[in-house]
Structures are given as C-alpha cells and as structure tokens.
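S.K.: Given the sequences, and given the hints that come with them, work out the whole structure.
Number of protein chains: 2
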Amino acid sequence: MNAGKPTPFTDGRTSQRMLETAGIFPGDRLRLTSGKREFEGILMPRPDSGDPNVLIIKLDNGYNIGLKLSLESKLEKLEDAAVRSKMSKNESNSHASKKFNPGLSKVDLIYTGGTIGSKVDYATGGVYMLTKPEELLDSVPEIAEIANLRLNNLMSIASEDMSYLEWQKIAKAAADSLNDGAKGVVITHGTDTMHYTSAALSFMLKDLRGPVVIVGSQRSSDRGSSDAFMNMVAGTKVAAESDIAEVTICMHATTSDRHCNVIRGTKVRKMHTSRRDAFQPINDRPIASVNYEGKITYVANYSKVVGNDEKTKLMTGFEPKIALIKVYPNSDPGILEYYSGKGYKGVIIEGTGLGHAPVSTPHSGFNWLGQIESAVDSGMIVGMTSQCINGRVNEKVYRNLRLIKKAGGLFCEDMISEVAYVKLGWLLGNYKKEEAAELLAQNMAGEISAKSEVDWFGE
Amino acid sequence: MNAGKPTPFTDGRTSQRMLETAGIFPGDRLRLTSGKREFEGILMPRPDSGDPNVLIIKLDNGYNIGLKLSLESKLEKLEDAAVRSKMSKNESNSHASKKFNPGLSKVDLIYTGGTIGSKVDYATGGVYMLTKPEELLDSVPEIAEIANLRLNNLMSIASEDMSYLEWQKIAKAAADSLNDGAKGVVITHGTDTMHYTSAALSFMLKDLRGPVVIVGSQRSSDRGSSDAFMNMVAGTKVAAESDIAEVTICMHATTSDRHCNVIRGTKVRKMHTSRRDAFQPINDRPIASVNYEGKITYVANYSKVVGNDEKTKLMTGFEPKIALIKVYPNSDPGILEYYSGKGYKGVIIEGTGLGHAPVSTPHSGFNWLGQIESAVDSGMIVGMTSQCINGRVNEKVYRNLRLIKKAGGLFCEDMISEVAYVKLGWLLGNYKKEEAAELLAQNMAGEISAKSEVDWFGE
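Chains A and B are the protein sequences, given in the same order. Quick note on the numbering used here: the first sequence kicks off at 13 and runs consecutively. Quick note on the numbering used here: the second sequence kicks off at 13 and runs consecutively.
Treat the hints with caution; some may be incorrect.
No more than 25 Å apart at the CA atoms, straight line, and that leaves these computed lysine to any residue pairs for SDA-like [what the hints assert, rightly or not]:
1. B/K333 - A/S386
2. A/K181 - B/P374
3. B/K181 - A/S386
Over the 12 Å line for every Cβ pair with chain B, so calculated as not near, a few chain A residues [unchecked claim]:
4. S46
5. S82
6. L83
7. P114
8. G193
9. R231
10. K307
11. G319
12. N455
Hint data in this document are derived by calculation from the structure and do not stem from the laboratory. Please read all numbers here as calculations on a predicted model, not as lab measurements. Positions of the beta carbon are idealized from the N, C-alpha and C atoms, including for glycine.
M.R.: This is the structure:
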C-alpha cells in the first residue's frame, strides 16, 4: 500500500547528511519543500533525544514546527545565522538571549514538568519529558526579549502525579523568587491538574509582590501545532509587565492564535482534553487578554501590586485527609462512612443542579441525608458544590436542599468543586475546624463571586 | 425603610376582591398596571396551592408570568373569555384543548415530577411539586393544538432522587406508549439528573417507533421567566412531527427564547445550575433545533423512524453495584478496594486530561496503578473517562496513560463520564462481564463519536 511513498528514514544519518550537503546549521534560515508543502524558517537546535529525522523549524509566525524528513524532502539554505544576527536588532538566537538586559524586568521561570516540558517521539507518537529544561528556553528565545529570565529547575513531574506536597514546594519557590527581587514569576506546569495547583497557590500565597503566572501547553513544544510558544510569551509578558497581584493561568483563549486569556487561579478549569483553548474561566470573566504581539488588555477587576516593602507571605499548611465525592443516581452514601472511618476531616460533595444529593429517594439504599448528618455529627466538614460546573448552588429553592442544609451541609456558592476541595484542605491545614467551616463559603482569594439575582432567579 | 411601599397582602382575600371588583375570571383578558409596569394577557386558572396573591397571566408571547398583586396594582378587564373564544380560531383555553382532533398525531405525555411539575411559593421562595399534573397541561394549552395528548401520571419525584428503578419504569412506560399507538412520547422530568435518565433510556429502549423527548424547566411553570412553556411546545412538536428515532432532550438553546435544541440523549449534560440553556451538547452537535413557532430544523444525522410493524423493545436490566469515581491530586486509591470489598462489579474513573489518574506519583500513598490492577484482577471492569467533559480520552499519548491501559483500564473514547457510568450498569445488567467489557468503548446508542484527527492532534 505504501509502495509509492518513500521509506521513512531509519536513523538520523541521512537527515544529517542532507543538512550538511545544503550547508545548513542551527540558527540558519532555510526552506524545506516536501511534495506540495513548503516551509521557511530558522533551524532550531536539535533536542538531545527524540526522532533525529525531525527538524524543528521556527516559522515566521513564531511557532516551532517539527517536520520529518523523507527522501522527497528538499532543503535550501536561505540565510546564514551570522548574517541574520547582524541584520536583526532583536537578538533572537538562544545564545544571545541569555545576556542580562538592564532595560527589562527580572522574571523567574519555575520549571515543574508537564507537556510544555516534553517532546514528542515521532517514531512512537508518545511524549517524553525533557531531560534538560533549558531546551524549553531555547525553543522560545523570544521571551528573552521580554524579561531577564532566571530558570529554577524545581521538579519534573506530570501534573496528574502532583500532590499537595508539590503545591507547597511550588508556593515556596514562587514566594522566594518574589522576595528575592523577581518582578514576576512564570511557572511551567502540566495541564491536567494546572487548575488545582492554581487554586492551591492562590490560597497559599499572600500579599503577592508581583504576578504569579502558570503556563502550559496542550501540545509538546517541539510540535508544529504547539501552543507552548504563545503561552510562554504571553505569560512572560504578564509576569514582567502587569501589576496583577494574583495567581493566574495564561493559556490560549481560542483555538486560533489571536490571544491568550489571563484567568484568576480560583476561577478556571480545564474544559477540554486536548484543545488549546481548554482552560476557560468559570463563573467569571478573564482578568486580561494578551494578544499575539504581547499587548495586555485588562477586562476585569483584579488585586493590584502594592509598591511597598511587604514580603510575599506563605501559608502552606494542607490537610490531606479530605475528599471530593461526586453524587449521581444510585450512588452509595456509605462512602461518607468509609471516609469518616479513615479519619477524614472533610469532604466536598459535588452534587447535582443547585447542590442536590439524593435525600428523599423512595429507595432508602440511595438516601444520603442520614450519612451527611452522621458525617457532620462526627466532626467532618461537608461542603456542597455542583457538578454542573457553571452557576451557583443555592440552599433555599427546593425542600431537598433545605434538608441538606439542616443536616449540616455547607453550600459553597459559585465556587468550582475542585477549588472547594483545595480550599477545604488548605483551611483545615491552617485554621481550627470551626474557623475552617466558617470560612469555606466566604470569599478569600476570588473563588466566590458576589451573589447577583441573575445567578439563580431569572434574566 | 419600606415605609413608603405598600404592605404585601397577607392572604388571598384582597386579591380575590380586586379581581371580582374588576369582573375578571380565569380565561379573561386583562391589563395589570403596577407602578410603571404594565402587563396584558389571559388570566390563567389559579393553582391549588401557592401564593394566592400571585396572578398567573399568559402573555401574548406565550409565556406565563406570575405577578404579585399589591395595593398599587390596577386591574382592568379587556375581553371576556367567552367573546375571545368565539373570535379565536385556535381554541386555546384549557377546556377546549382536551377534545380529540383527528388531524393531529397522538402523543403521550409521561409525567415524572421535577421543576416543570412544580410551582413556586412566592411567600417563602421555595418550590413545591404540583399535586395534580393536569395543572401543567392547563398552563400550556398550546400543546393541545400540536397533538392529541394523553397524560400518563407515572410518578412525582425530584430527579435528584431518582434511581435506576425509576429509569426502568419510565423506559417501560415509553415503550408501552409507542407500542400502543402513540406517534411519539414526551417525558417531563426534573433537570438535575435528566441527562442520566436520557442516557439510561437511550440504552434501555431499542427500535424506537417514534421520538422519545425529555423536557423540563429550570424555573417552575408558574414563574414569569419559566422556560416550561417553550420547552413543552418544542418537545411536543418533535414528538408529534419528527422522525427522530432516538431519545433526546429538548431544552432552551440559549438564554433567549429564540429556539430549543434537540440533543441526543447520550451526548448532553446539564452545564449550569440555573440558566435556561443549561443543557448543552457535548462532543456533538444538536440533532435539531425548534424555533418559537415550532419549526424544526435538522442539523445533524440521526436514526430515523422505520415505518414498519416492529415493536419498540425493552432491555432494562441494570447492575446497581457500579460507581463513578473522580480522581484529583491527593485522591485516595483505596476507594477502589472499598468498592471491590462491597462486591462492586465495575467503576468508571473520571480522570484528568486524556484519562489520567495519579500513577507515577513520587508519593506512594496517592498512586492508583496498583489498585486499578487489583480491581481488574478481582474481576471488576474499570473504565476511564475525563473530568474535562469535552474531548476524547486517549491511551497512547503519555506513558502514564499506557500504564493505566496495561493495568486493565478501558479508555472510553469521547463518552461523557455520566453516560459511561449509566452504560456500564446497563451493560452489566444485560450482558456477561466479558461482553460488557468488550462493548464499553464501542458505540451502541450514539454515545461514542467516530474518532477524527482533530479530536486530539491539532486543528
């Protein structure tokens, strides 16, 4: 079936020979023609691992694209790196980018791993972590024109494997950076649990001296369609130049490359498994947007950096014996007893609709009311949120809701379930139980918006 | 503070007197002026309970509005019900609506309860179930002009209290209706778990002889802003006139009243606690839309009614010993052992991103891999979905995903978590375990869309 197609190269030797024959080295501008497709751009340094037959080319639109060479590929050198460097005012090759520029802010980049710190193995389709985070900076040299970057290689972990122990480490690193002269902090992070981390940092960091911006990518940075480049540029812009004294997530706002959203860390959720615009604000507007040229447009209120000598403070206690439970038809309320038996201190119940759990079901096996009551009686905090994700829970509208409230369920307003879970652990790690229960449904870090009639009563 | 405002009426006597003084009875056209606000419409019959000082008025746009009388309200009779009835070709008062019209299809309305079958108590703000479902028909007399309706008062239950036992009853009632000559079926249902029920019916009903349309409302039908009217009209239109041989949900497409969406029962989710457009299609387009005038526009492919004598079949087995578990940072994998110990036959794990659970965490207490393996070894089916809601899980991209697959996790493509949960119970209730495992990630009722590159690789 593939008889007519050229055989894929089996190792990197043929590719290397083709480059050498054309006299092309990293930093040179080249044209690659493959069948009807034609690409022009700068050859990027080869990563240490990955398919050696894939050339990473930075296109003129700023994107890095990974192109696999075949026997039908034609390579042509358009410009020498040395010539280009003299012509360009912006010294955009990776070597030059590491010089200190006194006209730019200091920004610390805290590396934690994730897809943005990964590359695809074009042979298997699998994705692997970078062994050297410096490769990430090399692949987005433009950020060196935005700020004087200092790389903190903190950890290399897929975000789905993170726990509160990592949140504590990252919070400390961010506070240290800000207290050590950085104007802002950029954290590169896997996307799976990015919104859990952004919530955790929002609670753990107090009196921010500068922006703390989390960025990631849905495609590894060596891929043609990667969103890493634009997210990194936009995130660094916000860290270097904005006065947003909040923890935010900066990711693509749409599937196109028009702009990134800067979203409050307690009002954001990954809403798609793979799209570049997966991170969407929930029950909130984004704080700002950053367009492709790096222009920041502010669209909502936010806490501003106060220009005094206050240090950024840490409050990183966390009680891990908490759970997030989803209810659904036929769901077994015995799960509350299970957690209570294991010494759990609190649970968030992700209810249906306005914060319902099955409490008046004709089939007693599925009735949650008694178990909620027992859990509360045994000293656990029980918070109610909604699996609808958007909107606000409300303890008043229906009888079932009033029963849950009477049993001790605390209705968490328009707080996202995942944020309520993080907040509960943080509260129990830093406050007495009574205070924690008191604070759960009160706004502390932008996680709860003021109630408006529109939320639940009508348009 | 309220000294300047008229005291709210304490019982219904003043209101009743005001109506009598103006000579206004149910069915009459009236004008109500209250301060600067003015309303014209038909006075609807008073519900048996609820605030007696609230008049339910059907506006000319078809909406019922609940207006509370006060001392500053002025009432004026515009037209007598009898006169209006002679003038109007459309016999739109509730009494006339019950005559059989040989030009219209037979549609059965299965009443199950929920907000659409509730009314607000304006005194407390609480909402109560109707004691007589006939009141619902009285409040939307227009549907009698669309179809010959037969009311099946099946149950009166809030949807959050439903279990698979109710799903089985509703499925049987719908099949009975279709096999007994109904052209289509409309099911009125609470919104909280409407999408669980729509999924259950999609699997339980085979060879549909006509449309099965589930409708509900986010505001009780006696409320000014109620969506009950339009959803009922649109749903009845679809049941009476379309050839959609699928279980669908028909609810507002936007917050305005322009049109309703008809969404496949396995591709829909309640995405807002209170907005009228809460039900949104997930990983799918709506099958059709119905505008305010009742015009149906088909926008996607669907299974069509086959005009033969095949009966609609039932397959209502359901295994309740299944669970839907959400993972998150620090989540305790011991929960799998708990369910396994209780004799559970399967679980759906709502993972992060592409279907991740923490499996390579440096902190062994949070590592799910061993527990997934043990659960599968013990004979449980473990399905993987994503809490991102939108998009498709993918077992190939990352190492952690491949580890979960190797441990026996079954990746459920682009199936919604709640649908995967319902499907798993249905499969285990009707098939042998091996067949159930085989069928979980295969499309059976529109729940899994064909894979396309776009889903996960790039635009």
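S.K.: Against this structure, judge whether each hint is valid.
M.R.: Structure-based check of all given hints:
| no. | hint | result |
| --- | --- | --- |
| 1 | B/K333 - A/S386 | 23 Å, holds |
| 2 | A/K181 - B/P374 | 14 Å, holds |
| 3 | B/K181 - A/S386 | 32 Å, violated |
| 4 | S46 | 17 Å, holds |
| 5 | S82 | 19 Å, holds |
| 6 | L83 | 24 Å, holds |
| 7 | P114 | 40 Å, holds |
| 8 | G193 | 30 Å, holds |
| 9 | R231 | 7 Å, violated |
| 10 | K307 | 23 Å, holds |
| 11 | G319 | 35 Å, holds |
| 12 | N455 | 18 Å, holds |
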